[in-house]
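Participant: Those sequence lines, one after another, are chains A and B.
Count the first sequence with this note's numbering and you get residues 1 to 344, in order.
Count the second sequence with this note's numbering and you get residues 1001 to 1315, in order.
These are calculated hints, taken from the structure and not from any lab test.
You may find that some hints are simply not true.
Unchecked claim - Below 16 angstroms or equal to it, Euclidean Cα-Cα: the simulated EDC-like pairs (lysine to aspartate or glutamate) are: (1) A:K302 - B:E1290; (2) B:K1168 - A:E206; (3) B:K1122 - B:D1258; (4) B:K1028 - A:D260; (5) B:K1184 - A:E206; (6) A:K20 - A:E71; (7) B:K1277 - A:E140; (8) A:K119 - A:D89; (9) A:K340 - B:E1303; (10) B:K1123 - B:D1096; (11) B:K1255 - B:D1095; (12) A:K338 - B:E1307; (13) A:K340 - B:D1311; (14) B:K1186 - A:E202; (15) A:K335 - B:D1298; (16) B:K1186 - A:E206; (17) B:K1277 - A:D165; (18) B:K1071 - B:E1059; (19) A:K215 - A:D265; (20) A:K220 - A:D23; (21) B:K1221 - B:E1233; (22) B:K1028 - B:D1137; (23) A:K85 - A:E95; (24) A:K143 - A:D165; (25) B:K1184 - A:E202; (26) A:K302 - B:D1311; (27) A:K332 - B:D1298; (28) A:K332 - B:E1303; (29) A:K138 - A:D165; (30) A:K335 - B:E1303; (31) A:K53 - A:E76; (32) A:K302 - B:E1307; (33) B:K1161 - A:E210; (34) A:K195 - A:E71; (35) A:K340 - B:D1298; (36) A:K340 - B:E1307; (37) B:K1277 - A:D133.
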Amino acid sequence: MINVNRKGEVWVFAEQHGGKLEDIPLELMSKARHLADILGVKLASMLLGGNCKTVAKKLIQYGSDKVYLAEHPLLEHYQANSYAKVIYDLIHKYEPQIVIYGASITGRDLAPRVASAAKAGLTADCTDLQIGDHTSAKGETHKNLLFQVRPAFGGNIIATIINYDRWPQMATVREGVMPMPVPDTKRKGEIVVEKVQLAQSEFPIEILAEHKQAKKVNLKAARVIIAGGAGVGSKDNFKLIWNLANCLGAAPAATRAAVDLGFIDRDHQVGQTGTTVRPSLYVAVGISGAIQHQAGMNQSQKIIAINNDPNAPIFQIAHYKILGDLNMVVPKMIKAIKEKSIKD
Amino acid sequence: MSKSSSFVKEATVPYNCVVLIKQVPDTKKITGQAMNDDGTVNRSALPAIFNPEDLNALELALQIKDKFGGKVTAITMGLPAAGAILRDALFRGADDAILVTDQRCAASDTLATSYILSCAVKKLDYDIVLCGRQAIDGDTAQVGPQLAEKLGITQITYVEKLLELNGKTITAQRNIGNGWQQVKAKLPILLTIVGEANEPRVAAAKKLMRYKNAQAPVEIKQRLKVQNPNADEQTLSQLVERKCGMLGEKGLLIKQWDLDFVGADLTWCGRNGSPTKVHRIQSVVLTAKESKNVEPTDGGIAEMIHELIRDKTIA
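The following block holds chain A by itself, in its conformation from the complex (with noise of 0.2 angstroms):
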């Protein structure tokens, strides 16, 4: 077991393939450094690879103080046995409080590996990390634990994980809920090189071959998006999704429904098991608003919602309710908005 240092730096696990940096590392960063501010601890990346030393700087750029370097040619590929033992034998030396990964493929591979050989607590999915005081049944009080906050029970709880007295305290965040700072490129901070020792026993895995496709859209990056759920109706009608998004320079997305109606491709889903955005504009046509969809957009600054059903639940939290039928509503939209950019 690692000991309960509350003087622990906070650290988060920068993910790279191949020498190029995730963006999920990144996206953790802003996080991060608020976490570490409040504590008044030091921010630490733990960066693992093959030949990943440029990668340092723009983790420093982006809020590190230090980057733990462990650098070995048979770490050129991630593996989980071999990556969680350095973790630990890292996490063991230097006795962070806090230890973050992104919950992507790698991370949710990873993380609870190192989790079950620290015998520490480990929260999946996060959506929210904060610092706060528990008070347990006993009357005893934790200052200044990490809040693990995550939608339980398919998105329809919100349920707040503590560790106290096992450490160090360990999440992994969902990709997109965390806005990426800004970096600056005249930040300092420190590299320390870790000394590696590992074994080809410690590789038991034998990469053969690797398939990677680029998404066909973008989602966390788009400032407009324009989804339809089910009751769009089939994959021809779905042709008004693409229609407004075109005329708008938005992305068209669905929900998890629409997908498996096969309305359109698993990339553009948004949702719980789908992308998570937060889009200056989303429009849901045709969503009831399943909580598992909503917790995948209610971030977005603004909603406008196309449903005939007056009870669905995506009315609760749109800032523009259209009662209507999204044919008759949808084509006077582009229409309006034709007609505003013919007038400018």
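Place chain B on chain A using the hints.
Facilitator: What follows is chain B alone, placed relative to chain A:
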């Protein structure tokens, strides 16, 4: 060795597969009635189902058995009611079913759960341990990798295809979100299986007939208690013993293990063994701070569009 072959070739040896399954509330069916007044979820108001991706794990184990021979053991940790999914696993083709149930398991988080399951799995001969990628009640995907660590074996998570098994090694394809990865590793191995991996088979009529009366001792006791409300504890346990004996002879007794039997150290079980605690639970009630109704008319919609352009929401 041909990399492109599906897992049909060379292998001759049978494999022992252990499949970890979980009974979960059907979170997709949550409605107003399933919520308590304080905003918590009333689990008993939700149908309890076989965790969907665990069915994919069971299916993959059964396919391995169909191809190479061997044994499929389904194991679950849960309340006595979880006997239902063990029967379901038997109906679909599992050879053996084990219910790990003990009140001291209550309030276990993923770390304690993986510890208890590791104690149970260590009592079995296994080549391949399979479980669903994640369960729909917690969606954590943590128990698989934690169990692998505790068993000291390699894990392959997010498996969507089994490519080859040749007695000593396994080759599998992982779904890595925006693509796939093919990996090879030595046995024993733990796999977590995604929903896209296969179509789970349905119960076989013959097996359903054979196993419909299969029960674990705790289920037998519950039933006999209802049937004999006035029986004292001693009579009841005699009745239970007799019934267990009868079912055992027919091969219909679901094995039931408690923490003592699996040799678990109680320090690592239940609430004590769980580092994570709940600080607060809130029900999700989201509302927009300000909202307006827009008439579905040309005028109403044009006014809304103008407003969005004025405040620079859209260009």
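Participant: With reference to the structure, classify each hint as holding or not holding.
Facilitator: Evaluated hints:
For the proposed pair K302 of chain A and E1290 of chain B, the alpha carbon gap of about 10 angstroms is at most 16 angstroms, so the pair holds. Simply put, K1168 of chain B and E206 of chain A have alpha-carbon atoms about 14 angstroms apart, close enough for the 16 angstroms limit, and the pair holds. Note on K1122 of chain B and D1258 of chain B: the hinted pairing holds, with a Cα-Cα distance of about 14 angstroms set against a maximum of 16 angstroms. Only pairs whose Cα atoms come within 16 angstroms are accepted, and K1028 of chain B paired with D260 of chain A is accepted, the gap being roughly 14 angstroms.
About 5 angstroms separates the Cα atoms of K1184 of chain B and E206 of chain A, which keeps this hinted pair within 16 angstroms; it holds. Between the alpha carbons of K20 of chain A and E71 of chain A the distance comes to roughly 14 angstroms, so the proposed pair stays at or under 16 angstroms and holds. The hinted pair formed by K1277 of chain B and E140 of chain A meets the criterion: a straight-line CA distance of about 14 angstroms does not exceed 16 angstroms. For the hint linking K119 of chain A to D89 of chain A, the alpha-carbon distance of about 13 angstroms falls within 16 angstroms, and the restraint holds.
At roughly 11 angstroms between alpha-carbon atoms, K340 of chain A and E1303 of chain B fall within 16 angstroms of each other, so this suggested pair holds. Of the supplied pair hints, the one linking K1123 of chain B and D1096 of chain B holds, its CA atoms being roughly 14 angstroms apart against a limit of 16 angstroms. Restraint check for K1255 of chain B and D1095 of chain B: the C-alpha separation of about 12 angstroms stays at or below 16 angstroms, so the hint holds. Of the supplied pair hints, the one linking K338 of chain A and E1307 of chain B holds, its CA atoms being roughly 15 angstroms apart against a limit of 16 angstroms.
For the given pair, K340 of chain A sits about 14 angstroms from D1311 of chain B by alpha-carbon distance, which is consistent with the 16 angstroms threshold. Under the criterion of a C-alpha separation no larger than 16 angstroms, the hint pairing K1186 of chain B with E202 of chain A is consistent with the structure, at around 12 angstroms. The hinted pair formed by K335 of chain A and D1298 of chain B meets the criterion: a straight-line CA distance of about 9 angstroms does not exceed 16 angstroms. Under the criterion of a C-alpha separation no larger than 16 angstroms, the hint pairing K1186 of chain B with E206 of chain A is consistent with the structure, at around 10 angstroms.
Note on K1277 of chain B and D165 of chain A: the hinted pairing holds, with a Cα-Cα distance of about 10 angstroms set against a maximum of 16 angstroms. Proposed proximity of K1071 of chain B and E1059 of chain B is supported: the alpha carbons are some 13 angstroms apart, at most 16 angstroms. At roughly 10 angstroms between alpha-carbon atoms, K215 of chain A and D265 of chain A fall within 16 angstroms of each other, so this suggested pair holds. Between K220 of chain A and D23 of chain A, the direct Cα distance comes to roughly 11 angstroms. Compliance with the 16 angstroms bound is thereby established for this hinted pair.
Simply put, K1221 of chain B and E1233 of chain B have alpha-carbon atoms about 10 angstroms apart, close enough for the 16 angstroms limit, and the pair holds. Among the hinted pairs, K1028 of chain B with D1137 of chain B is consistent with the structure: their alpha-carbon atoms are about 10 angstroms apart, no more than 16 angstroms. Between the alpha carbons of K85 of chain A and E95 of chain A the distance comes to roughly 15 angstroms, so the proposed pair stays at or under 16 angstroms and holds. At most 16 angstroms may separate the alpha-carbon atoms for a hinted pair to count; K143 of chain A and D165 of chain A meet this at roughly 12 angstroms.
Annotation: proposed proximity of K1184 of chain B to E202 of chain A holds, straight-line Cα distance about 14 angstroms (limit 16 angstroms). For the given pair, K302 of chain A sits about 11 angstroms from D1311 of chain B by alpha-carbon distance, which is consistent with the 16 angstroms threshold. Distance hint between K332 of chain A and D1298 of chain B is fulfilled; the C-alpha atoms sit about 6 angstroms from each other, no more than 16 angstroms. Taking the CA atoms of K332 of chain A and E1303 of chain B, the gap is near 11 angstroms; set against the 16 angstroms cutoff, the hint holds.
Distance restraint check for K138 of chain A and D165 of chain A: the Cα-Cα separation of roughly 14 angstroms lies within the 16 angstroms cut-off, and the hinted pair is therefore satisfied. The straight-line distance between the Cα atoms of K335 of chain A and E1303 of chain B is roughly 12 angstroms, inside the 16 angstroms bound, and the hint therefore holds. A hinted pair counts as satisfied when its Cα atoms are at most 16 angstroms apart, and K53 of chain A with E76 of chain A qualifies at roughly 12 angstroms. Proposed proximity of K302 of chain A and E1307 of chain B is supported: the alpha carbons are some 12 angstroms apart, at most 16 angstroms.
Our distance criterion of 16 angstroms between C-alpha atoms is met by K1161 of chain B and E210 of chain A, whose separation comes to about 14 angstroms. A hinted pair counts as satisfied when its Cα atoms are at most 16 angstroms apart, and K195 of chain A with E71 of chain A qualifies at roughly 8 angstroms. At roughly 13 angstroms between alpha-carbon atoms, K340 of chain A and D1298 of chain B fall within 16 angstroms of each other, so this suggested pair holds. For the hint linking K340 of chain A to E1307 of chain B, the alpha-carbon distance of about 11 angstroms falls within 16 angstroms, and the restraint holds.
Using a Cα cut-off of 16 angstroms, the hinted pair K1277 of chain B and D133 of chain A holds, with the two alpha carbons roughly 13 angstroms apart.
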